[in-house]
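Sequence order for the protein chains is L and R.
UniProt numbering numbers the first residue of the first sequence as 1 and each following residue consecutively.
UniProt numbering numbers the first residue of the second sequence as 1 and each following residue consecutively.
Read the hints as simulated data drawn from the structure, not as lab findings.
Do not take every clue at face value.
[To be verified] Quick list of in silico lysine-lysine cross-link-like pairs, DSSO-like style, CA-CA up to 27 Å:
#1 L:K218 x L:K89
#2 R:K26 x L:K166
#3 L:K166 x L:K89
#4 L:K397 x L:K527
#5 L:K275 x L:K78
#6 R:K141 x L:K397
#7 R:K386 x L:K275
#8 L:K166 x L:K115
[What the hints assert, rightly or not] Not close to chain L: a few residues of chain R, all C-beta gaps over 10 Å, as computed:
#9 T25
#10 E139
#11 Y329
#12 Y346
#13 E454
#14 D476
[Said to hold, decoys possible] Label pairs and their calculated CB-CB ranges:
#15 L:S683 x R:M359: 32 to 38 Å
#16 L:G299 x R:Y128: 33 to 39 Å
#17 L:W260 x R:T268: 27 to 33 Å
For glycine and all other residues, C-beta sits at the position ideal for the given N, C-alpha and C.
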Amino acid sequence: MIGEGVPFSDRGASTDWLDEITRIPFSHVHNLAFRGGNAKTNYIATAGYRSLEGIMLKSNQIGLNGRIDVNHNMFDDKLKFNVGILYRKYSNSQGYDASEVYQDALSRNPTEPTKNPDGTWYERPDIIYYENPLAQIHESEGENVNSTTRLNASVSYFPIEDLHIKGLVSQENHYNISGYSETFNHISNIRDNRRGYATRNTSTGTDFLTELTATYDKKINLHKFSVLGGYSYQEGSTEGFLMDNYDFPTDVFSYHNMAWGDALNAGRANMSSYKSTWNLIGFFSRVTYNYDNKYLFMGSFRHEASSKFLGAEEPWGSFPAVSVGWRINREQFMEDFNFIDDLKLRAGYGVTGTAPEASFLGVARLGFSDYFFQNGEWVPALQPVSNPNPYLRWEEKHETNIGLDFSFLNGRMGGSMDYYVRRTNGLLYDYPVPSPPNLYDITTANVGKMENKGFEAIVNVIPVQGEDFQWNTSMNFSTNQNKLVSLQNELYTLTNNFFDVGHYDDAGLQSHRVQVGESIGNHFGFKVVDVSEEGEWIYETPSGERVPYDEFERREEDKQILGNGLPTYFAGWNNNFRYKNWDLSISMRGAFDFQIMNTQRLFYENPTLTIFNQLESAHEPVFGKAKLTVPQEANSYYLEDGDYWKIDNITLGYNLGTTGIKYIKSARVYVSSLNTFTITGYSGIDPEVNRIGLAPGIDDRNKYPSTRTLTIGVNLKF
Amino acid sequence: MKNYRIIFKSFTLFVGIMFLLVSCTKLEDENFGDIIASEFTPEKSDLASLVGPAYTNWRTLMMNETGLFYLQELTADAVVIPARPNGWVDDGLYRRPHLHQWTTQDAYVNTVWSSAYGGITNTNRILYQIESDIIPMEEGKEALIAELKVLRASYYYVLIDAFGSVPIVEQFDLPEGFLPEQSSRQEAYDFIVQEITEALPDLREESDLTMYGRFNKWGAYALLAKVYLNAEVYTGEANWDGVISATSAIIESGNYALDPNPEDPFITENQNSEEIIFAIPYDENYAEGYDDGFMMHLISLHPANQATFNIATSPWGGSAAVPQFIDTYDEDDERLAKDWLQGQQYSSNGEPLMGTMDMEGEPLVFVNDIPSIYSSSEASGYRLAKYEYKQGLQESMSNDVPLLRYSDVLMMKAEALLRTGNPDEAALLVTHVRERSFTDNPEKATVTGSELLEGSTYDYGVRDEFNDMYTQEGGDDIQFGRFLDELGWEFSQEGRRRQDLIRFGIFTEKSWFSHQPNGEFRSLFPIPQQELNTNPNLVQNRGY
């Protein structure tokens, strides 16, 4: 294309950068399980080892895990003990930032070589965000080790037949240590004139839980009821520290001899440390009643306080729930319908609570963040950390649902249907607030009300059930509609009923509008409908007027809803086939009616930016008319329908049955593939993009690419 | 019966345990990272730490990538950030100011509003703490209160200049849910003038390091002069006498003088300048980073210039001078060569630097030619270099940014004299300021009164090669245009050009480079959308 006059510099080589940084990875996983014991004492022990390779070079994970659970009963089974211990350790050896390397591989000029003739890496230190991805991989080293130990124990006491008192404690410790270093030949050192860079980081966290419950169950004739009361206490803490240093006398130390970096002496090495703790206290109760397994009732109540609300006026929240059920098939009038195994109508209402992530949002805090120049010296300045909100409270989710469970023909067909309305009150979020009078223009508060309504159905069918051949199939379908009901509370008013959030990658203006009466996830921006002969966008205003590029003012009023990033429908279909010793399973899923901003096209499909690599489509006519001549900009042209149907997992297995080998009871071999095939009109790599948060439906330009995985495995039973 | 007794006993035990646990309902309250304000009792030694935040907001306000400096320069006729071969498109972030197409959501508008009001809210809080004796002070209380009120007035000065009518909030202990009302631009102006005037008698007069980076009496006079200078824009009624008396008070104090070189107030260690009246201190270690550091070198220099100044990182190569502005300079004006990096670029060892993007392999020569805001070469445009680039620059610079300096005091007085019919007196002051910039041709430093009455030499009109657009507008018709040119040369790259263009009536009238007038209402910025959304008392400025 350079020959055709595309202003792009030819550097003589031909490098497939993605191919250079990736490989076909090979992984293996081994698991072992033992069970044993008798009615009084029994145990289960498992151990596992896995060695995984990532698709990018030098990205490996080694994992080890083990678990032992022991149960012991004594005093005629009146006292039961359970003790469990778990250990898990993963170490990832991948120093470099994968998304940065991926971005560099995509944006790198394919005519550049990987190395200079003298064997050094080919680098362009003069261009920012442009580093040889292969050199980044080979000139860095890192390891991140995470381990977890958990110890849990419980005692159950059955003083009489229907009473069960249980105490439980568990403690989990997390430990992380990581290190990262860059050699003298790493771009950051070549460009910034440093001699090596290294950093170390470690953190540890503890989660402690204790719970005490008493349950009383009683059955009197056809009446069955139970009462439960309990208390729970959870506590957590995290602490850690990190440091970095550079200008080392040698590469040899990597990150194992931090003191020898000269940046420390120059006052440019960094260090920091932190600690935080939290706890959660809960009292709870539950009552159930059923008559002849026909009429069912459950009522429960939780009363909880979280230290996240410390200093707020109401740290306690109360969360009730009730549900009723009617098993219609047990009614007399249903006796004739004997093909029905089960038919149950149920309805429920319940409230659950969510606390904010951060602590101390309710109190005024002072922190050091800046320095102030005073009489020739820099003095740390003490100032408020955030706008305190003493009215912070639990976010409450009120869910009402009505459902039907069914099962016919001895389980050949079954499933459930549900309709739900979920109202979230006091939505926790960092809301924009006026400044003045506030110091900062966001405050964490409970303001919005949101409603989600939806229908879900699952149907399981066994169409064929024979000695040699069996086919199980399961289909699910769901739809969800969501709407922001209000953005107001007694202390907080928005004049315009909306606020904007999110960004399309590097692009400047905000991407999504959150507006009362509208769905969450609306892409909000400029709509283009055509292109001029000169290759300039032609816009359409919300009133339907066509405006050429030079006259389009890009005002707020010129923006409109361009689409929505949240799918309206979801469906799935799973099948399991068994023919004699063969088994085959296929799982598929899809999502429909939503739009994705393709930021890779937004970025690489513009012919005016010639310093980075481009998509071939950058030189194709826009709207089939003219090649683009104007700078990169986010608009509706790069928004695409994301509807897809994905064949995810296919597994084919063969059961060897009794093997004839003395100690092996049975064996199965299988091959399995993940992310097998996707049917979609979306032009990006994977239409399954982020759906969380207020700015969904953005296909991140640097997202680690989804991979297709092929597994070959053996299951053995001894 | 036995069973019921056991049930009873068990439940008693259970209830007993529950009671024990009720005492375990204490919420975890230890904070390891910050100080809980209610548990903090300030000591006298904490004074500087407590007062500091009121000043530090100026750093973000001024030099953030979307702060006041860029708001005042990129919207005016001297500095531009064109699309470069290595980017600088960012969905129009740098183009909209030049084309006067900014929106109510542009980052500039938000940054200036929120950091100015951040300073005001911090000042109100500290004033409240001093006045209610939460911060213990035995002496100097009146002087500190007066200083903080002038500091607060400086933030309000930025707000009326940029946004016009803005809410005046002067209290910290406000009732819950309080939403401030907008004051008219006139009311805000009166408030600023009154606050500064009332503070004058109590302010400290030292002009040494003890008051460096803080408002002393002379800083307050200079700020007052600035406000009076623009009184006609702010209120419709000029106050040139006010400018003359405020500037004369500073001149007569004898505390300040012009530095020998025009660049002295901008060197790395500029805290000892005799010329600086009020500066915003920055530092590569203590006041650095994207939010409130000073990163002009990275924003303007070419990546290859890393070798020129041995910078710790590679610059990004964006901002440059508008070629038409450079053309206004007299060839013997030494400020042209000193303030703008131009011509062949060299490494610190004297080796010529080469282009690396569209001019790869060719010598890197900064030329006074930029095709368009939409497209440019890596070599397009002279680079900003008024602030000294020392050898071994880090990611942020240590040069302090002078906001009010003696040269400006002289020029404000000169402008007031010129506009009140004393062009010859004005010319004496202008000549005095020019002398240090024409050391090789001293005769050229002299300006006469009648010259100051002439129009501008700026050749206004569109010059856009990319869109093939050219218009001829010139500058002859600008009243006191020559004086506007003098302001351009002396105060280039100081984050004020927009204000001067408005005062001389051309900000929304003339075209330059790719810019064409886009509505008279553009002389004020819109109130940020987010503020309108959250405070129903605010009314948007006309035109937005």
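Outcome of the hint check:
At most 27 Å may separate the alpha-carbon atoms for a hinted pair to count; K218 (chain L) and K89 (chain L) exceed this at roughly 45 Å. A C-alpha spacing of about 23 Å is found between K26 (chain R) and K166 (chain L), which places the hinted pair at or below 27 Å, so the restraint holds. Distance check on the hinted pair: K166 (chain L) and K89 (chain L) sit about 31 Å apart at the alpha-carbon level, beyond 27 Å; violated. With a C-alpha separation of about 36 Å, the suggested pair K397 (chain L) and K527 (chain L) falls outside the 27 Å cut-off, and the hint is violated.
With a C-alpha separation of about 43 Å, the suggested pair K275 (chain L) and K78 (chain L) falls outside the 27 Å cut-off, and the hint is violated. Among the hinted pairs, K141 (chain R) with K397 (chain L) is inconsistent with the structure: their alpha-carbon atoms are about 52 Å apart, more than 27 Å. This hinted pair does not check out: K386 (chain R) and K275 (chain L) have alpha carbons roughly 45 Å apart, beyond 27 Å. Taking the CA atoms of K166 (chain L) and K115 (chain L), the gap is about 67 Å. The hint is violated against a cut of 27 Å.
Listed as outside the interface, T25 (chain R) is inconsistent with that label: its C-beta sits roughly 5 Å from the nearest C-beta of chain L, within the 10 Å cut-off. Distance check for E139 (chain R) against chain L: the nearest CB is about 16 Å away, which clears 10 Å, and the non-interface claim stands. The beta carbon of Y329 (chain R) sits about 29 Å from the closest Cβ of chain L, which is more than 10 Å, so the claim that it is off the interface holds. Residue placement check: Y346 (chain R) keeps its beta carbon more than 10 Å from all beta carbons of chain L (closest about 15 Å).
At roughly 35 Å, the least C-beta separation between E454 (chain R) and chain L is larger than 10 Å, which holds for a residue marked as non-interface. Here D476 (chain R) stays apart from chain L, with its beta-carbon at least about 29 Å from theirs, past the 10 Å limit. One distance hint, 32 to 38 Å for the beta-carbon pair S683 (chain L) and M359 (chain R), holds here, with the actual separation near 35 Å. The supplied range of 33 to 39 Å is broken by G299 (chain L) and Y128 (chain R), whose beta-carbon atoms lie about 51 Å from each other.
Taking 27 to 33 Å as the suggested C-beta distance range, the pair W260 (chain L) and T268 (chain R) conforms, at roughly 30 Å.
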